[in-house]
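Trainee: Protein chains in written order, with numbering that gives the first Met the number 0: chain R, 0 to 446; chain A, 0 to 446.
Just to be clear, a hint being listed does not mean it is correct.
The list treats identical chains as interchangeable, and a pair is accepted whether it falls inside one copy or across any two copies.
As the list claims (entries may be wrong) - Listed below are the simulated SDA-like cross-link pairs for lysine to any residue, each with C-alpha atoms no more than 25 Å apart in a straight line:
#, residue 1, residue 2
1, K32, R101
2, K166, P273
3, K11, K354
4, K11, R27
5, K11, S122
6, K354, F231
The set of hints was computed from the structure by calculation and includes no laboratory data.
Chain by chain, the residues:
Protein chains: 2
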Amino acid sequence: MRLSRYFLPVLKETPSEAQIVSHRYMLRAGMIKQASAGIYSWLPLGYKVLRRIEQIVHEEQVRAGHIPMLMPTLQSADLWRESGRYDDYGQEMLRITDRHGRDMLYGPTNEELITDIFRSHVSSYRDLPLTLYHIQWKFRDEIRPRFGVMRGREFLMKDGYNFDLTKEDALHAYNRHLVSYLRTYERMGLQAIPMRADGGPIGGDYTHEFLVLAETGESEVFYDSAITDLKFGDRTIDYDSHAECQAVLEEFTSRYARTDETHDEALFNQIPEPRRRSARGIEVGQIFYFGTKYSDAMGAVVVNEAGERVPVHMGSHGIGVSRLLGAIIEASHDDKGIIWPEGVTPFHCGIVNLKQGDAEADAACDALYAALTALGLEPLYDDTTERAGAKFATMDLIGLPWRITVGPRGLKNGVVELTSRRTGVSEELPPEQAVARLAQIYGLARA
Amino acid sequence: MRLSRYFLPVLKETPSEAQIVSHRYMLRAGMIKQASAGIYSWLPLGYKVLRRIEQIVHEEQVRAGHIPMLMPTLQSADLWRESGRYDDYGQEMLRITDRHGRDMLYGPTNEELITDIFRSHVSSYRDLPLTLYHIQWKFRDEIRPRFGVMRGREFLMKDGYNFDLTKEDALHAYNRHLVSYLRTYERMGLQAIPMRADGGPIGGDYTHEFLVLAETGESEVFYDSAITDLKFGDRTIDYDSHAECQAVLEEFTSRYARTDETHDEALFNQIPEPRRRSARGIEVGQIFYFGTKYSDAMGAVVVNEAGERVPVHMGSHGIGVSRLLGAIIEASHDDKGIIWPEGVTPFHCGIVNLKQGDAEADAACDALYAALTALGLEPLYDDTTERAGAKFATMDLIGLPWRITVGPRGLKNGVVELTSRRTGVSEELPPEQAVARLAQIYGLARA
Numbered sequence: 000m001r002l003s004r005y006f007l008p009v010l011k012e013t014p015s016e017a018q019i020v021s022h023r024y025m026l027r028a029g030m031i032k033q034a035s036a037g038i039y040s041w042l043p044l045g046y047k048v049l050r051r052i053e054q055i056v057h058e059e060q061v062r063a064g065h066i067p068m069l070m071p072t073l074q075s076a077d078l079w080r081e082s083g084r085y086d087d088y089g090q091e092m093l094r095i096t097d098r099h100g101r102d103m104l105y106g107p108t109n110e111e112l113i114t115d116i117f118r119s120h121v122s123s124y125r126d127l128p129l130t131l132y133h134i135q136w137k138f139r140d141e142i143r144p145r146f147g148v149m150r151g152r153e154f155l156m157k158d159g160y161n162f163d164l165t166k167e168d169a170l171h172a173y174n175r176h177l178v179s180y181l182r183t184y185e186r187m188g189l190q191a192i193p194m195r196a197d198g199g200p201i202g203g204d205y206t207h208e209f210l211v212l213a214e215t216g217e218s219e220v221f222y223d224s225a226i227t228d229l230k231f232g233d234r235t236i237d238y239d240s241h242a243e244c245q246a247v248l249e250e251f252t253s254r255y256a257r258t259d260e261t262h263d264e265a266l267f268n269q270i271p272e273p274r275r276r277s278a279r280g281i282e283v284g285q286i287f288y289f290g291t292k293y294s295d296a297m298g299a300v301v302v303n304e305a306g307e308r309v310p311v312h313m314g315s316h317g318i319g320v321s322r323l324l325g326a327i328i329e330a331s332h333d334d335k336g337i338i339w340p341e342g343v344t345p346f347h348c349g350i351v352n353l354k355q356g357d358a359e360a361d362a363a364c365d366a367l368y369a370a371l372t373a374l375g376l377e378p379l380y381d382d383t384t385e386r387a388g389a390k391f392a393t394m395d396l397i398g399l400p401w402r403i404t405v406g407p408r409g410l411k412n413g414v415v416e417l418t419s420r421r422t423g424v425s426e427e428l429p430p431e432q433a434v435a436r437l438a439q440i441y442g443l444a445r446a
Numbered sequence: 000m001r002l003s004r005y006f007l008p009v010l011k012e013t014p015s016e017a018q019i020v021s022h023r024y025m026l027r028a029g030m031i032k033q034a035s036a037g038i039y040s041w042l043p044l045g046y047k048v049l050r051r052i053e054q055i056v057h058e059e060q061v062r063a064g065h066i067p068m069l070m071p072t073l074q075s076a077d078l079w080r081e082s083g084r085y086d087d088y089g090q091e092m093l094r095i096t097d098r099h100g101r102d103m104l105y106g107p108t109n110e111e112l113i114t115d116i117f118r119s120h121v122s123s124y125r126d127l128p129l130t131l132y133h134i135q136w137k138f139r140d141e142i143r144p145r146f147g148v149m150r151g152r153e154f155l156m157k158d159g160y161n162f163d164l165t166k167e168d169a170l171h172a173y174n175r176h177l178v179s180y181l182r183t184y185e186r187m188g189l190q191a192i193p194m195r196a197d198g199g200p201i202g203g204d205y206t207h208e209f210l211v212l213a214e215t216g217e218s219e220v221f222y223d224s225a226i227t228d229l230k231f232g233d234r235t236i237d238y239d240s241h242a243e244c245q246a247v248l249e250e251f252t253s254r255y256a257r258t259d260e261t262h263d264e265a266l267f268n269q270i271p272e273p274r275r276r277s278a279r280g281i282e283v284g285q286i287f288y289f290g291t292k293y294s295d296a297m298g299a300v301v302v303n304e305a306g307e308r309v310p311v312h313m314g315s316h317g318i319g320v321s322r323l324l325g326a327i328i329e330a331s332h333d334d335k336g337i338i339w340p341e342g343v344t345p346f347h348c349g350i351v352n353l354k355q356g357d358a359e360a361d362a363a364c365d366a367l368y369a370a371l372t373a374l375g376l377e378p379l380y381d382d383t384t385e386r387a388g389a390k391f392a393t394m395d396l397i398g399l400p401w402r403i404t405v406g407p408r409g410l411k412n413g414v415v416e417l418t419s420r421r422t423g424v425s426e427e428l429p430p431e432q433a434v435a436r437l438a439q440i441y442g443l444a445r446a
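The following block holds chain R by itself, in its conformation from the complex (with noise of 0.2 Å):
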């Protein structure tokens, strides 16, 4: 893309009404506009890190085996009344009347939804097991929406749900879900802990919730030091083997980390005293085990093998993608903007034309344009007129994690500067090294 061309309306000054780092900064860097209270529209800088997301959370749930599908906005409010949570919601429930008075809501979770498809289309073990996920809107109406997407009150959510024939089953789900959600964090360059979380007026020990560390998050967290070094990396997994997505749950589970809600003090200070922790977290994702809560109160009963009707163990499983958006930047930037990793950055990186104009430079611009996008990569080359210091200035506000600078002094020289945003260490090197170096980059990054 060329900016000459795009629609990137940074700010000169940080808006006011903005509390953290990480909605300044997306106000700043021309990624959302406030539509109203906690409603926001996505500019398309911002519009293109939300799709990155939603692409790696996709690719993660279908090869975890989960199925994608698309339910609405809108429910009407009878199946709610059904597993009698309309009246429970409270005020946070946006409650809608249709122009022939049907009570209706804007959907915050899918639980009935998804339990009345699934009651009207299965009826047999052999359909099982079975996970359904969507990636759709929704809406808490929140009393004092904050923190830009952070806490907003229309925001973008993946909550995919399992049905399966018996407790076992639903576990291995369970698991399978911490497995995918293990490698969806890592590939947005995120560390997010599964601490063991409250599952609310449910109980039941089978909830964990995904915390992003960061100072600026909403709940205080405790956990063991040692916790951190985990990675799950490359690792190859059958997700259909029970025994290794149980070993990985074992393995990211078995040190302590819990939120405040139930944190034990006299299970945390059995750790060695120098990997005691307590810091703040942004909640990223939830799963949930909740075995037959929605088929008991909906009728979702499959015929088991013995031929009984027996309902179905089920869990939800979620994870919050616009406000991922603002987990990673409160994780990744500096005094002078975003750094985005590089899995799920708005372009690959910036092209930097220090003498716009000058046909030399111009054309060199051109061919690492060309270069790059035909190897699949997007830059984004800034071909506009500003100078040079104001150039810099936008690509470190926006954050792309490399920039390429050229200009006649490198040209005549035959090199141009290749820059990471991260480390601000600067290289020179041929034009086709900087391109190749790119691809080298991208191909280990991407999977």
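For chain R, the structure is supplied; the task is to place chain A on it using the hints.
Mentor: Only chain A this time, still in chain R's reference frame:
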């Protein structure tokens, strides 16, 4: 995808509520399920087609130089009061009150919101031309939703908005949209004819609707049959060239083609009698130049080269993304089911194993599956133990354009059967040749 691991709840009976063929087949093929009146869940097969269509729309918009972004589903009523449309819109607008008593609405379209974004960020002619678009769910509270996704209440639409300094530039944007829409529909296997439409209360000559001819269409249309010979085909076009885009507009709109709203009997009768056609059509898109209507009302002005503040010239341009599934099926089916054009098919081909459990047949199917997948094609492999007749009926119903049938008898002679869904013609050939044939077909069909 292996069918045994997929969720494809096909129905044997025709649901009684479905009045038109696309609605019937979408229900029977397990593509959608009604969640409430005019609101649908997209089951996995339907979702896959929806995504393919969405992807084509994105690719063609980006090719035309238009910039993707995303606006939220819910909007504040304030902007609509500013444009004067809040009261005009009537009961089709779903009005919502949030917990703080603020008036909101589920966006039926986005002129106000995009104009607000524009006026907040753009103030100079140097940032023009600019065309922004998004693909987002909309809601229109139809009094009688019907025909499945063809006239639903919650529907997916691409809507794009151009901002230009002059009327001439804005008409170039109009032409660019016309060209990009021609390409878009042709890639979906559709012939969508641009017809002069009614500008509604705004008036003006500058609006065309794109109509797909189909018996079940809601609109009566009148046209010169010579227009159906026109194809955009694989010609290349420079979207920056006013002349090239204008020439396409003239080529595709100089023949008589109008909906009943703008039909002119006298003009129509000037067409040589054998070429006069009246038929029914499904509207799948509309382009619209409306000048400074919104920029005047909402103060969207830029400073021009002479230093004067002038309102921008705008247009809006829509494609009915979810409705296109219905339109494609209306235009492409037979009495056995859907016939997907290659450009939008949910799976590139089906593999039917005539003797699941037979070691040789299973191995041949696995090898085909692996070979197709390695090429980037996505087969649906019916690996169930259903009898052959039922497998064929399902493949015909869900409409995959190609089917490979694998059985012990053929394998003895080293062949499988490749069958075209459209023609019904089968050909026996060695498995590797079947794979090569499909690669060739999709290499040509996919841009």
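Trainee: Give a verdict on every hint.
Mentor: Hints versus structure:
1. Taking CA atoms no more than 25 Å apart as the test, K32 paired with R101 passes between copies only; the shortest distance there is 19 Å, against 33 Å inside one copy.
2. For the identical chains of this complex, K166 and P273 are neighbours neither inside a copy (38 Å) nor across copies (70 Å), given an alpha-carbon limit of 25 Å.
3. Taking the closest pair of Cα atoms, K11 and K354 come within 25 Å of each other only inside a single copy of the chain (23 Å); across copies the shortest separation is 68 Å, beyond that limit.
4. With identical chains, the CA atoms of K11 and R27 are at most 25 Å apart within one copy only, with a shortest distance of 7 Å there and 56 Å across copies.
5. Taking the shortest Cα distances, K11 and S122 sit within 25 Å of each other only across copies (15 Å), while inside one copy they are farther apart (59 Å).
6. Taking identical chains as interchangeable, the C-alpha atoms of K354 and F231 are never at most 25 Å apart, the minima being 45 Å within one chain and 41 Å between chains.
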